[in-house]
Every structure is written in structure tokens, then in C-alpha cells.
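Residue numbers (my numbering), protein chains in the order written: chain A, 2 to 332; chain B, 94 to 486; chain C, 2 to 305.
Keep in mind the hints are simulated off the structure, nothing from the lab.
Predicted model only: the values in this text are computed from it and were never measured.
Be aware that one or more of the hints could be misleading.
With a Cα cut of at most 30 angstroms, we get these calculated DSS-like pairs of lysine-lysine [stated by the list, open to error]:
| hint | chain 1 | residue 1 | chain 2 | residue 2 |
| --- | --- | --- | --- | --- |
| 1 | B | Lys162 | B | Lys459 |
| 2 | B | Lys471 | B | Lys254 |
| 3 | B | Lys459 | C | Lys265 |
| 4 | C | Lys265 | B | Lys412 |
| 5 | B | Lys251 | B | Lys459 |
| 6 | B | Lys379 | B | Lys229 |
| 7 | B | Lys125 | B | Lys420 |
| 8 | B | Lys420 | C | Lys265 |
| 9 | B | Lys208 | C | Lys265 |
| 10 | B | Lys279 | C | Lys265 |
| 11 | B | Lys251 | B | Lys125 |
| 12 | B | Lys379 | B | Lys441 |
| 13 | B | Lys379 | B | Lys125 |
| 14 | B | Lys429 | B | Lys441 |
| 15 | B | Lys251 | B | Lys272 |
| 16 | B | Lys251 | B | Lys387 |
| 17 | B | Lys125 | C | Lys265 |
| 18 | B | Lys429 | B | Lys485 |
Chain by chain, the residues run as shown.
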Amino acid sequence: MRDLWPLALVLLAALALPFVVAGMDLAYVVGIATRIMIYALAGISLNLILGYGGMVSFGHAAFFGTGAYVVGILSTHATYGEPLTTWPFEVGGTEQALIAWPLAMLAAGLLALVIGALSLRTAGLYFIMITLAFAQMIFFFFVSLQAYGGEDGLSLFARSQAGPLDLGDDRQFYYLVLALLALVLFLKSRLIEARFGRVLQGIRDNERRMRALGYPTYRYKLVAFVISGALAGLAGALIANQTEFVSPAFLDWPRSGDFIVIVVLGGMGRLYGPLAGAALFLLLEEVLAAWTEHWMIILGPILVLLVLYARGGVWDLIAGRLSRRKAGADG
Amino acid sequence: MTKGLLGTRRLLGLAAAAALLAAPASAAEPVKIGMITTLSGGGSALGIDVRDGFQLALDEEGGMLGGHKVELVVEDDGRKPDKAKEIADRMVARDKVQIMTGIIWSNLAIAVVPKVTKDGVFYVSPNAGPSLLAGKGCHRNYFNVAWQNDNLHEAMGKHVKDQGFEKLYILAPNYPAGKDALSGFKRFYGDDVIGEVYTKLGQKDYAAEIAALRDAKPDAVFFFLPGGMGISFLKQYSQAGLMNDVPVFGPAFSFDQTILGAVGDAALGVVNSSQWNKDIDNAANKAFVESFQKAYGRLPSLYASQGYDAARLIASALKAVGGDLSKADAFRAALKAAEFDSVRGSFKFGANHHPVQDIYVREVVKEGDLLTNKIIGKAFTDHADAYAGDCKM
Amino acid sequence: MLLLIEQVLNGLQLGVTLFLLAAGLTLVLGIMNLVNLAHGSLYMVGAFICASVAGATGSFLLGLVVALPATALVGMAVELVVLRRLYARDHLDQVLATFGLILFFNELVRILWGPRALFLDGPSWLSGTVEILPGIPYPAFRLAIIVLGLAVALFLAWLTTRTRLGMLIRAGASNREMVSALGVDVRWLYTLVFGIGAMLAALAGVMAGPIYAVEVGMGESILILTFVVIVIGGIGSIRGAFVGSLLVGVVDTLGRAFLPGLLKLFLMPATADGVGASLASMAIYILMAAVLIWRPRGLFPAHA
């Protein structure tokens, strides 16, 4: 618990950020920070199964993209006033965040249920590849989905509506994302402390033993997979709002790779790891790209070095400095 | 170390303050132009050529366009829509760019253009021309100096029809630009084709399609397969021994200077459509081809010509308003008037701010060891796009 | 009927091309237990080296002769510097580090050779067509690929089961200590095996060069296909890789060739074209998912 104070500091800084930058003509920073938080959310969702459950999903972009598309499609129908379906009863589109976002989570969660139920029969490298295969299927599905722009993607007319909030305002959107991120982090910290989380980590460390103890490990893993998919869907719903645009590029396999990088960079199975990972990854890209168009030739070796020499991720590098004892205990 | 950093920051601060102080005093504040384009990963050859073409126009005037100092901010979008969007937001908010350009891909343009034009920024497209932005989604601040995506396919449809081919086999990737390409082709050829095939995006092996094609016994083939897809298709088509029996036709994308070197002799003699070629006979084009080669040591591509024209168009409009972009209406009118010497010769904008231009028919020839194109005819004179009617500006 | 035979042949040929790439990958995967995403980068490096040499000298064969050992050296250097530190790590670390290597190699190739695709053509004596069935001329170069692929399959079978090196390799995979006790430095053995894998990747790149585009990033899309192949066949099994390659090649080709036509029987033509093309793009992924659901460790699990 001693390492809570740097977190409080980070939270404070995050709360103050829009006001600080507003005075410095740096309002665009709010947008970058929002994007970082959204990627962190996607990372957190992947971390649940990857870091705590030991399931390396190489197709998490499928859930992310599906969430984005649900928001995009509903919003398009609302804009043009065309019903989504007329049978068995008429269902129209919506721009209401309170409807569209939970639906995005539901759709991504359902997809995760199907993909997870089939994929979890395999393990190890087979699991990595089968999740990739399913994600590719979804990718090609959206590429050829002519009605919603296919590869060209879908431009949103406006961001979702959320009660008294004006999400079109970057600052208000930023605070909403920050609040959601905090909420998810809080819920996840409870989840992994709860019996469910302990069982999940037990399965990660030794599945055979947990099975021998009588735990239905398959079911535990599947539930974690579905929760993770739904959370990725939420992140997708947010990115659709952030960019006011959705396209299959959100589901392409390098995107799944980015998510893994974010999780591992930040530190697998560290609650706040994906935050550090997302910030580092996106800022690194930003800084390197501003420096040279050949930025990938630097980013690549950095990844290799991090894997070789910083196994616990950046979070451990930071937190480890601050409270070495704790990092040693759960590392 | 820390001291040094602080020192630098203070210096920067001073410079910024000086700039702020100087700003009202001189009217020659540089015009800021933001270029978002693809400089890394797949397809970067296109972005690099657009940038180099644009830069050339800038360099020719000693860092100015239309007699006004220009500050060009170039950023790499990596072909990711959300990244392009973020760069655009930042360019508007931080760099205060007043003009934007550079995007290569339609999906990135759809992600970026509606938002920035709404914010009062002028966008001059040097390549991407999706139907949405030419029709329903057109905007008074959006100008496309290259084409509407369908233009070259339409030209090929007309040419093939004029040549009297009757049994056409047409193929394109299964994505919107592919569907648009084939419907653009059919708009002028007619709906009566003997085979219409959609391939996988990014596909490399076309043996199955080529076998089916041979079985259908067409008298000509039209294909739209941009980038590496087209290179693979042409090589395999030639290896299958079909090149002499069934002629292929395509838009310039697969026969451009960026690609011909990789296709090799398989492309020799293939007829394709383009709005530009290096042998179009006018002074502006001659000068452009020569100075591009001098500056970069390679032949300019179609994309380079489009980047160059984008810069020259902006230059003409900047000149008209004396570099003062606060006169937005005058600047818009000047862009619309398009009074610059295009390397394409005659050029003007239609009502939807898309080109009304000639589309040529070219043939791939060899000049020494180098494959390039030669104009052999004209498919359209003053051709406008099919979506202008949907545009309510 | 003739068309069907031709399409099956096309499928087999695509499969053999995939096998050239899959063989090296599954060798490394099976023996060192290393997931090497950068295998596609070696494929690209091989094609680029061959294209430059062939471009400068006009000889495809010379390009081939230079590209194979050069790429093997590149591969061994990568093994020495990076990959040998990853053998003891889990697959995730390997995926991540080799993902980093992909970025590095793509950019390196782009800096060295520029962003434009390169030209590479086969030797002139393989440029024509051969009439294998009446009325069906088949490109000679594609036939050469089939022959070469079969030769590589036989060579690998011989190498792993009949030679001392193969014996050491198999022993090293299951029991490092024992091989070390025999006085063999396992680390150098692994470097050597990786070199062979890299050489196979280069061979695949060189053979693919004349039919596909030689461009930056050419390794990625085909790498995914290759992984599909290996997973279907069973990780680490050469036999599995061979069967998996042919299966993927045939399913992909037949899907593209016949699905849209098949769907036209009971759908509107325009819809059938779209749906058929989409389904064809997904066909191999559906195949892979189906195989794994049926047999979670692939068709030929290497370790019984």
C-alpha cells in the first residue's frame, strides 16, 4: 500500500492537466492524453487475461474494433434516421452513450464468449495463433462490409451524447475517460483480490494443480476472457468517439501487437502497468516520429532491449525504485 | 545537463516571445502548411513522392509560395487513421496551420478532412479522392488537386469500349476503392462484362484468378490492384503467357514510375490511363520533370506531380490574397480559380472543387534501360466526376 | 473438370511456396522452442539481396547463390546477438522481441534499398510455360518451385532422421545436458540450426521474388499464412508443416476460385461476389479454427 502515493500524484496530475495546458497553448495535449488513457484501458483489458490469466491473446484488436464499430454503426443510423432493422420490430440507431457504449461492451463480450469458448480448448502457441486467426476473420469481415464503409471506414457525425456532458468538448471527454479508467482500475483491483482473481492467477501459475483442487479452470478462463473482451469493447467505443471515425485499421493484427507491447512494456500482471506502457509506447512513437521518419529502426531495438533487460516492465522500474521490497515480493 | 536544458528552454522562450512581438509589426509572418502523409511502412513511396514534389515547388521559390514565406510542417501518419486524426488535431491546435495537405489514402482522408475543414482549415488533397468527399460530404474548404478516385477507371472504360473489345474480364480488391473502380469502369464501358472478380486485399498469389480468367476466354482484362498487388498480378499474368493473347488495361497506379521498375518487362506495351505524364508538352511540365530529376536523381512519379501541383495551386492563391489568410473568402475563390500553370496543362475545378481535366491514355515503353510511359491518346477532354451532382455546398 | 485440376495444382503450388517458408520456421520452433516472427524479415532480406545481385549482374542464379549464405549469416548474427537469450523465455517474450526485430528489419531494408519495390525475375530458361495438361500452359517457374519444395522436404527429412547433425539436433531438443555431455556445444549447434532456418527463409524469398512483389513488408502477410500452416500441421513437425502447407494452399485457392460461383447458385450475383470474396479471404482462418477445435495440437503433434 505504500506505493499508493505516487499513484495519487499521477491522479492529481491527470486531474490538473487540462487546466495546466490550457494556460500554455498546449490544448492538443489533452487529446494525446485521452488517447493514451484509451489505449491504457485496452491494455488493462488484455492484462487481465495475459498478465493474470496467462492467456496470450494475439487478437485483442478484434474486440477493440468491434466496440468501435458498434458505436459507429449506431451513430450512423441515428444521423441518417434509418432504422437498424425493421424485423421483428423496428430498432433505430442511437447517439446516446448510455445505450451505445454498454451495447459495444455487450457485442465485444459476446464475440469474446464465442472466440474464447473455441480458443480456450488450445494452449500456448496454439492459443496465440487461434486468437490471431479469429481476429483476422473479423478484420476481413469489416473490410468487406460495404454498407458501413468497408476499408474506407465510417466517419461519425459527432461524438456520443452523455446527459449533461458535452463530449464534443475535448476536456469534458478527457474527464469522462479518466473517470472510466479510474473506475475500471478500481473494479479490477477488487476483482484480482477477490477469489476469482486468485483462482485465475493460480491457473496461470499451475493449471493442473488448480484443476486437481476441483476448480473448473476452463470456465474461469472463459469468464476472464469475456470480461476482458467487453472491456476492450469499451476502449473501442471510446476510441471511436475520440477519433470520430472507425475503420478496419482498428482491428488489424499489428494493432493486437501494439496492445501486447503496451502490456508487456508496462509490466504484465501489474495493475497499473498498462498505464505506464501505453504512455511510454505512444509517447515514444510520438517523439521518435517527430525526430526521424525512420523511427521504427529505433523503436524496434528498444522493444528488444526491454524484453531482454526489463522483464517486469516499466512499472517495476519505476515502482521498484520507490519500494523495492514490494516489487520483489510479487515479482 | 539540467542547466543546459533550462538554458535551451529559456532561449526558446525568448525566441517565441520575440516572434510574438514581431508578429504584428510585419505582415510577412510565414503561412503555416501542415502535411500529413505516409512516410514509413507500406506505401511510403507514394507519400515520399508527394512530399518531395511539394518541397520542390517550395525550394524553387526559396522557401516561399506565391512570394510568401511558408513554414511546412510534415508528419508521418504511418497509414493509421487514428494517428492521422491526432496529428491533424495537433497541427490545428498547436501549430495553428491554416492549410493542410498530404494524405495519400482514402480512409485516412475520410477520418481527417471533414473535421479540419469544419474547423476552418483549407485542405488541398494531393491524392486521396473518395466519392464521399466529392459528393455528399463535399466542403467549401476542401479542394482535390489530383482526381476523384473513379476518374482513371472511367477513362479506361471509355478507351476499352472505343477500341471495340467486347468480352471484358475485370478484377479489383474486395474493398470500397475496388468496388468504386469497377463501377467507374462500367460507367463508361457498360455493364456487360463476362467476369467481375473481387480479390482479397493484400493478396499476393493470383494463380487461381488467372486460371479462371483464361477459362472464361475474355478478349481483354481490366484490373485495379494498387501497390504490391499489381506488381504480383502483372508478373504472374505475364508468366502465364497471357500477355500476348489477352491485353490488360489498368489505371496509372500499377504503371507508375514508383512501380514500373519492379514489374519489369512484363509491363512493356501495357496501355493505362493517367491525368499526367512526363511527356505532356508544356513549359511547366518540362521544367518540373527536369528540376525534379536534378533535385532527387530519379524520374518524377504521378504522385510527385500531384504534390507539386498542390503546392503550385496554393502558391497561386497565396499570391492572390497577398499571403493574408484572414481573407478566407478571397483565398477560397483564388483556390477555386486555380490560376496556376499546372504540369497537366489545362486544369480547372468543378463545382465540387474536384478537377475537370483531360485524362490521357498511355503506353509503357522503354527508354534505354528504363521503363516509362508515353502518351498515345486522350480518353477524355475536360472530364468531371460523377458525384458532383450530390454536392450541396 | 480441367479447370478444377488446374486450380488444385495452383493450390498445391501455393502450398509448396508456403512450405519453403514454414520449413525453416517450424525447424526453429520445434528444436529451440522459439517463436520467431522475424522469420518473415529473413525472407524479405533474402529476396532483396537476390534482387540487388541479380539486378547488378543480370544473373538470377548468382543472386540465389549470394543470397542464401548472406541471409544465413544475417540470421546467425541475429541469433548470436538477440535470440539465444530468448530460448529460456516464454513465447510472449519471444513474440514481443521478434516483433521489435520486424520493425527494425523493415526500416533497415527501406533505408538501404529505398521505399520502392525491387525488380526480380527468374532465369530466362524458366520464363516460358509448359503444357502439363492439354490446353493448360503452366508457368515453368512455378513448376520449378514445386520441384524445389519437394526437394527441400526430402532434404529435411533426411537431415533430421539420417544424419549425425540431425541426431544431435533431435537430442538437443529433448535433452540439452546429454548432448553437452557428448562434447558438443549446444549453443553453436543452435546457431547452426538457426542459420539453416534463415537459409530456408531466404530460399523462399528468392523463389517468391519472381512471382510476388519484392517490397518492404513482404514478409508479414505471408508470415501469418505460414503460422497458420504450422499451427494446423502441429508445431515442430516437418511432416505437419508439409501437409499443412498443401492444405492451406488448396483451401485458399479453391475458395477464391469457386466460392463466389458456388454462392451464385442461391444468392443474388452482386451479393454472391461480395460475400464469396469475403468468405474466401477468411477461408484459411476458418480452416485453422476448425482444425484446432477438432485437434487442439494440430494434425501431427510433434511430441506424442
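Going down the list of hints, with the structure as the test:
1. Using a Cα cut-off of 30 angstroms, the hinted pair B/Lys162 and B/Lys459 is violated, with the two alpha carbons roughly 41 angstroms apart.
2. At most 30 angstroms may separate the alpha-carbon atoms for a hinted pair to count; B/Lys471 and B/Lys254 meet this at roughly 14 angstroms.
3. Note on B/Lys459 and C/Lys265: the hinted pairing is violated, with a Cα-Cα distance of about 43 angstroms set against a maximum of 30 angstroms.
4. Distance hint between C/Lys265 and B/Lys412 is unfulfilled; the C-alpha atoms sit about 58 angstroms from each other, more than 30 angstroms.
5. Between the alpha carbons of B/Lys251 and B/Lys459 the distance comes to roughly 26 angstroms, so the proposed pair stays at or under 30 angstroms and holds.
6. A C-alpha spacing of about 37 angstroms is found between B/Lys379 and B/Lys229, which places the hinted pair above 30 angstroms, so the restraint is violated.
7. Restraint check: the Cα-Cα separation between B/Lys125 and B/Lys420 comes to about 15 angstroms, which is no more than 30 angstroms; the hinted pair holds.
8. The suggested pairing of B/Lys420 with C/Lys265 is violated, with an alpha-carbon distance near 57 angstroms, which exceeds 30 angstroms.
9. Note on B/Lys208 and C/Lys265: the hinted pairing is violated, with a Cα-Cα distance of about 41 angstroms set against a maximum of 30 angstroms.
10. Using a Cα cut-off of 30 angstroms, the hinted pair B/Lys279 and C/Lys265 holds, with the two alpha carbons roughly 21 angstroms apart.
11. The hinted pair formed by B/Lys251 and B/Lys125 fails the criterion: a straight-line CA distance of about 41 angstroms is larger than 30 angstroms.
12. With a C-alpha separation of about 20 angstroms, the suggested pairing of B/Lys379 with B/Lys441 holds against the 30 angstroms cut-off.
13. Between B/Lys379 and B/Lys125, the direct Cα distance comes to roughly 29 angstroms. Compliance with the 30 angstroms bound is thereby established for this hinted pair.
14. Under the criterion of a C-alpha separation no larger than 30 angstroms, the hint pairing B/Lys429 with B/Lys441 is consistent with the structure, at around 8 angstroms.
15. Restraint check for B/Lys251 and B/Lys272: the C-alpha separation of about 18 angstroms stays at or below 30 angstroms, so the hint holds.
16. The hinted pair formed by B/Lys251 and B/Lys387 fails the criterion: a straight-line CA distance of about 37 angstroms is larger than 30 angstroms.
17. Taking the CA atoms of B/Lys125 and C/Lys265, the gap is near 54 angstroms; set against the 30 angstroms cutoff, the hint is violated.
18. Restraint check for B/Lys429 and B/Lys485: the C-alpha separation of about 16 angstroms stays at or below 30 angstroms, so the hint holds.
Checked against the numbered hints above, the structure breaks hints 1, 3, 4, 6, 8, 9, 11, 16, 17 and satisfies the rest.
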